[in-house]
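Given the sequences, and given the hints that come with them, work out the whole structure.
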Amino acid sequence: MKHRGRHRRRRRGRALRAALAGTALALTAAATMISASQATVGDNPGALKPLTSSDATDALRLREHLVPQTSLDRLSSAMGRPVGVGAVLADADDSLRDAADCTAGERTSLPVEPAATRAYCWNAADTHAWQPGAVTTSGDADDDGVWGENRVILSGWSHQARSAAGQDLAKVAFVDANDPGRLSYTWVLLVVPVDGGRTYRALASHVSGMVWYQDKLLVTTDSGDRNSLYVYDMDRVQRATVDADAVGRVREGWSAHGYRYVLPAVGSYRPAGDARGPRLDGVSLDRSTAPDSLVAGQWVSEGSDRHARLWRYSLSPQDDRSGLLDTDTAGSARAAEAFETKASEIRGVLSYRSDWYVGGASDEQDGHGTLWRQNTDGAKATQCGSDETHHRCWSPRTESLSYWEETGELWSQSGRVLFALPLDSVGGSLD
Numbered sequence: 001m002k003h004r005g006r007h008r009r010r011r012r013g014r015a016l017r018a019a020l021a022g023t024a025l026a027l028t029a030a031a032t033m034i035s036a037s038q039a040t041v042g043d044n045p046g047a048l049k050p051l052t053s054s055d056a057t058d059a060l061r062l063r064e065h066l067v068p069q070t071s072l073d074r075l076s077s078a079m080g081r082p083v084g085v086g087a088v089l090a091d092a093d094d095s096l097r098d099a100a101d102c103t104a105g106e107r108t109s110l111p112v113e114p115a116a117t118r119a120y121c122w123n124a125a126d127t128h129a130w131q132p133g134a135v136t137t138s139g140d141a142d143d144d145g146v147w148g149e150n151r152v153i154l155s156g157w158s159h160q161a162r163s164a165a166g167q168d169l170a171k172v173a174f175v176d177a178n179d180p181g182r183l184s185y186t187w188v189l190l191v192v193p194v195d196g197g198r199t200y201r202a203l204a205s206h207v208s209g210m211v212w213y214q215d216k217l218l219v220t221t222d223s224g225d226r227n228s229l230y231v232y233d234m235d236r237v238q239r240a241t242v243d244a245d246a247v248g249r250v251r252e253g254w255s256a257h258g259y260r261y262v263l264p265a266v267g268s269y270r271p272a273g274d275a276r277g278p279r280l281d282g283v284s285l286d287r288s289t290a291p292d293s294l295v296a297g298q299w300v301s302e303g304s305d306r307h308a309r310l311w312r313y314s315l316s317p318q319d320d321r322s323g324l325l326d327t328d329t330a331g332s333a334r335a336a337e338a339f340e341t342k343a344s345e346i347r348g349v350l351s352y353r354s355d356w357y358v359g360g361a362s363d364e365q366d367g368h369g370t371l372w373r374q375n376t377d378g379a380k381a382t383q384c385g386s387d388e389t390h391h392r393c394w395s396p397r398t399e400s401l402s403y404w405e406e407t408g409e410l411w412s413q414s415g416r417v418l419f420a421l422p423l424d425s426v427g428g429s430l431d
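With the working numbering applied, the sequence shown corresponds to residues 1 to 431, in that order.
Derived by calculation from the structure, the hints in this document are not laboratory data. Please read all numbers here as calculations on a predicted model, not as lab measurements. There are no misleading hints in this set.
Taking lysine-lysine and the BS3-like style, the derived pairs with C-alpha atoms no more than 27 Å apart in a straight line are:
(1) Lys49 <-> Lys342
(2) Lys380 <-> Lys342
(3) Lys380 <-> Lys49
The structure is reproduced here in structure tokens:
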């Protein structure tokens, strides 16, 4: 079982941060000039407005629903002994391409300012017809940055069926990040136990938010699989036994749409209130709070008469509830803090100390987005030109932000590009 030793390997972490600081990528001059010339800025969202009324915070309640232990035991008994993260990584047989091998088109997905210090590109054969989503790492799972003996990155992807004969799917790449010069990975299909654990179905949803905390993986889902936050146990990865398109139990055994592993859900959180309830479009982990907290944000279209909300839930400090939200006696998780923001079309949200980082989508088809740093005093955006309007400097299509505290890196992905940069560099790029 994974140890939970806080503050371990700090010296190694400092050394790694120093090494990464000197590995900034040389982005193509053409991509930088094109992005800067297209850069425009929307209205400044201004300061965050705290939401303190009980009516506003009650609307953000989530109700916990755990899969019965008997169902989980029945499934694992039928499929065989679950495997751990280390076993999945040992089976990794695909590799991400290093930045030098990414195409010029792929590099346009990178931020202009601040520049990425690490970047990798996914293979087209593995990701064709799949939509990239959230990223989380072993830096979220434990503050020493490793899980067991491994540095790990998890990358979420989703597939929407184009015909009635198809099915919506969600999968996660388990990336072995022990060697920064060679990232290898294998795929795990996200599923949900049904029929009392006698079989499972595919998680039918886009994965826009994902946090790996302790032994749990928390995944946002949209209307395809209800507006929920699904919970997965990282110690319950199961091996598929049949290579077929089906998902679930088949006559010959267990199928996972051709993938070798499945991860069954162990629970979910769903809005407990009315239509004002939260839509969790993005989530991330904040280790600067006590206790650690799950940060959430919602997407609101530009020009909407509603303002987006940013809020957080405390994570449970109880050993027997590792990785779960802190709930009351009724099984409800309540917002520990909430704000209203005028930022629209939020793509990724992160909170660290008193600052909130909010990624904004581009208002142009091929343009770059904006990364705002907001707090209760005001807002600033990263800048990639001398003109004050040059704030379209962020990656065009990021869906999540994940902070690896041990290395000081901010991780995200856009298109087929997975990238990282120091969080401190964001502060240096603000206007």
